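There are 2 protein chains.
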Amino acid sequence: SGEGAVAEAGERHLALAKPPGSLGRLEGLGARLAGMAGESPPPVPGSPAVVVCAGDHGVLDRGVSPWPREVTAAMVGNFCGGGAAVNAIARTVGARVSVLDVGVAGELERHPSLRGARVRPGTDDLSRGPAMGREEAARAVLAGAGVAEELVESGGVDLLVVGDMGIANTTPASALISALTDHPPEETTGRGTGIDDETLNLKVRVVREALELHGPDPADPLGVLAAVGGLEHAAIAGVILMGAACGVPVILDGVVSNSAALVAGALAPDSLGYVIAGHLSVEPGAKIALDHLGLEPLLDLDMRLGEGTGGLLAVPLVQAAARLLVEMATLEDLGFG
Amino acid sequence: SGEGAVAEAGERHLALAKPPGSLGRLEGLGARLAGMAGESPPPVPGSPAVVVCAGDHGVLDRGVSPWPREVTAAMVGNFCGGGAAVNAIARTVGARVSVLDVGVAGELERHPSLRGARVRPGTDDLSRGPAMGREEAARAVLAGAGVAEELVESGGVDLLVVGDMGIANTTPASALISALTDHPPEETTGRGTGIDDETLNLKVRVVREALELHGPDPADPLGVLAAVGGLEHAAIAGVILMGAACGVPVILDGVVSNSAALVAGALAPDSLGYVIAGHLSVEPGAKIALDHLGLEPLLDLDMRLGEGTGGLLAVPLVQAAARLLVEMATLEDLGFG
Chain X
2 SGEGAVAEAG ERHLALAKPP GSLGRLEGLG ARLAGMAGES PPPVPGSPAV VVCAGDHGVL
62 DRGVSPWPRE VTAAMVGNFC GGGAAVNAIA RTVGARVSVL DVGVAGELER HPSLRGARVR
122 PGTDDLSRGP AMGREEAARA VLAGAGVAEE LVESGGVDLL VVGDMGIANT TPASALISAL
182 TDHPPEETTG RGTGIDDETL NLKVRVVREA LELHGPDPAD PLGVLAAVGG LEHAAIAGVI
242 LMGAACGVPV ILDGVVSNSA ALVAGALAPD SLGYVIAGHL SVEPGAKIAL DHLGLEPLLD
302 LDMRLGEGTG GLLAVPLVQA AARLLVEMAT LEDLGFG
Chain E
2 SGEGAVAEAG ERHLALAKPP GSLGRLEGLG ARLAGMAGES PPPVPGSPAV VVCAGDHGVL
62 DRGVSPWPRE VTAAMVGNFC GGGAAVNAIA RTVGARVSVL DVGVAGELER HPSLRGARVR
122 PGTDDLSRGP AMGREEAARA VLAGAGVAEE LVESGGVDLL VVGDMGIANT TPASALISAL
182 TDHPPEETTG RGTGIDDETL NLKVRVVREA LELHGPDPAD PLGVLAAVGG LEHAAIAGVI
242 LMGAACGVPV ILDGVVSNSA ALVAGALAPD SLGYVIAGHL SVEPGAKIAL DHLGLEPLLD
302 LDMRLGEGTG GLLAVPLVQA AARLLVEMAT LEDLGFG
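Respectively, the protein sequence lines represent chains X and E. Just so you know, we're using our numbering here: the first sequence kicks off at 2 and counts up by one. Just so you know, we're using our numbering here: the second sequence kicks off at 2 and counts up by one.
None of these hints come from the bench; they were simulated from the model. Computed from a predicted model, the values in this text were never measured in an experiment. Incorrect hints may have been included.
If several chains are the same, the list does not tell them apart, and a pair holds so long as it fits within one copy or across any two.
In silico SDA-like links for lysine to any residue, alpha-carbon gap of 25 Å or less [what the hints assert, rightly or not]:
hint	residue 1	residue 2
1	K288	D303
2	K288	T182
3	K288	G29
4	K288	R209
5	K288	G25
6	K288	P21
7	K288	P20
8	K288	R26
9	K288	D301
10	K288	R206
11	K288	V205
12	K288	G195
13	K288	L201
Kindly produce the complete structure, drawing on both the sequences and the hints.
Okay, structure coming up:
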């Protein structure tokens, strides 16, 4: 069982050829991986994949980001072409890159790495009405779940990383985090790609207006997602839910995936048992969301790019945590039992 | 030139297809790598190696560690056999493991991974007299430099990680850090493998006695090393010096390598331009040493094992920092110039 495997991994760490506790957070991480796999030592993940979920946002019309909407589609093309940060880091850690169009506004060329499951070409402005309908939100969740299932069941993927692309998508992320943790918009809203003070004030006001307009009910996570979320946020929640259902660890990236994990946890609390916080984004909402989820990030490198970049950098840490349990000799093996 | 390459890398980061600064500390790290290589973008390190320097310590007779001296030799055998934590993590990040006996007290079996350059079978008790002679310290430095040179010049290694093994070796590490940063032993001395309060008090007292006995002069780093250091500390300083001389980045591990970097920096300040702090050890002296060196650790995972384990975990971060500069498209490439 999961709990038995966690305990077994903890005992094994006490027997390995090292001072007890000296591998620090890798020890607890290894025990968690054993719990996810239901066996100790846990398998060493050898086929990681990042799923980059992309969508556009009606709220961009409020001026919450200086970047044009067209950048979302252009970056999806860049992911497929291999020239984005996520590709460079994926190659470094040996992960494949899968891109999911769940709500991009522009035209996209077909590509083997791109899964087209567009629910609608971007959300509506969440500060003036619901970002999308409940059924649309559900379809976006299922699109993410579908990609995760295909990667794991057909592709042999044994470690998932979630990433996001969508100009203006930290605005719905802040709204989701405020709605699901009850922290006010001033605390959950940050500078995203690097906006100035004036734009930040506007962004906080927009998030506040959205919360006042919808009065989102945390007991209805799908309703919260539809009212103030984004299509890629929904899809990432789906990747998390399916990863957990398949027993595969899911590494979070920054604030967008952190907000999606809040949704996944609200829909199915047990799914959080499979979630690993890859890094701490600079966005203030990230820490609020992770604290709420009880997750401590592995890395803190002042990153705020998204795409899955920070999550991918944690892949070797997860692999190492498992491998140490599998491959290390014990003190007894060395004659010091 | 180095400075020109740093500036070029900074400009390239502003042009890449991402918000400026969004890759956080990977951007500064990439610029540093460009400076080390003297070109931007810098080469992507593809052949990392960890050098685990091993030695024994006369000061163990004072009771500063509960582990028997024989563990040092046994762990060297374990490194060669592939069953130690450093081996598991090296396999995870694709690094080779090279072991250097520069001062182990026990007999060791020959092994292709083991370089025998024993200066003497362990140091003398630094609290009762000099740990070793000046010439012995110099020979240990040269042994480390020799291994580094061979790895880089003959082995094609382009990224070095330094690690340590030696029962009781955090005691000389604390003494070196106190001597070279002028922080008192209470601040630089920690629990090492996990000693109790009583042993910690003894360890602090032993370090204080050593400093009072020798009055080490920070202007004479080799004298400091001989008086209160260790053979593996000396060898690690040699790896750092030779890595820097060959233009290869050197990633530090925990407190022992941090103390050795203080020695290297005191001997040749320019060598620090090639040094990267891989992680922050739990040992309190680690932060003091890194602050003194002006280095910010990449990882903070509550580790305190040594062997090079924490340094190796930073290898993918270093590789990613270079690769991003080499492989990412620019905004102009995507039509947003």
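Consistency of the hints with the structure:
For a Cα distance limit of 25 Å, the shortest separation of K288 from D303 qualifies both inside one copy, at 12 Å, and across copies, at 19 Å. For the homomeric pair K288 and T182, the shortest alpha-carbon distance inside one copy (11 Å) is at most 25 Å, but the shortest distance between copies (35 Å) is not. Taking the shortest alpha-carbon separations for K288 and G29, both the intra-copy value of 20 Å and the inter-copy value of 23 Å come in at or below 25 Å. In this homomeric assembly, K288 and R209 come within 25 Å of each other (Cα to Cα) only inside a single copy, at 19 Å, whereas the closest approach across copies is 41 Å.
In the homo-oligomer, the alpha carbons of K288 and G25 lie at most 25 Å apart both inside one protomer (21 Å) and across protomers (16 Å), since each shortest distance falls under that limit. Proximity of K288 to P21 under the C-alpha cut-off of 25 Å is restricted to the inter-copy arrangement: shortest distance 22 Å between copies versus 29 Å within a copy. Taking identical chains as interchangeable, the C-alpha atoms of K288 and P20 lie at most 25 Å apart only when they sit on different chains, with a minimum of 21 Å there against 31 Å within one chain. In the homo-oligomer, the alpha carbons of K288 and R26 lie at most 25 Å apart both inside one protomer (18 Å) and across protomers (18 Å), since each shortest distance falls under that limit.
Proximity of K288 to D301 under the C-alpha cut-off of 25 Å is found in both arrangements, the shortest distances being 11 Å within a copy and 17 Å between copies. Within a single copy, K288 and R206 get their C-alpha atoms as close as 21 Å, which meets the 25 Å cut-off; across copies the closest is 41 Å, which misses it. For the homomeric pair K288 and V205, the shortest alpha-carbon distance inside one copy (17 Å) is at most 25 Å, but the shortest distance between copies (37 Å) is not. Taking the shortest Cα distances, K288 and G195 sit within 25 Å of each other inside one copy (18 Å), while across copies they are farther apart (31 Å).
Within a single copy, K288 and L201 get their C-alpha atoms as close as 18 Å, which meets the 25 Å cut-off; across copies the closest is 35 Å, which misses it.
Hint violations for this structure: none, all hints satisfied.
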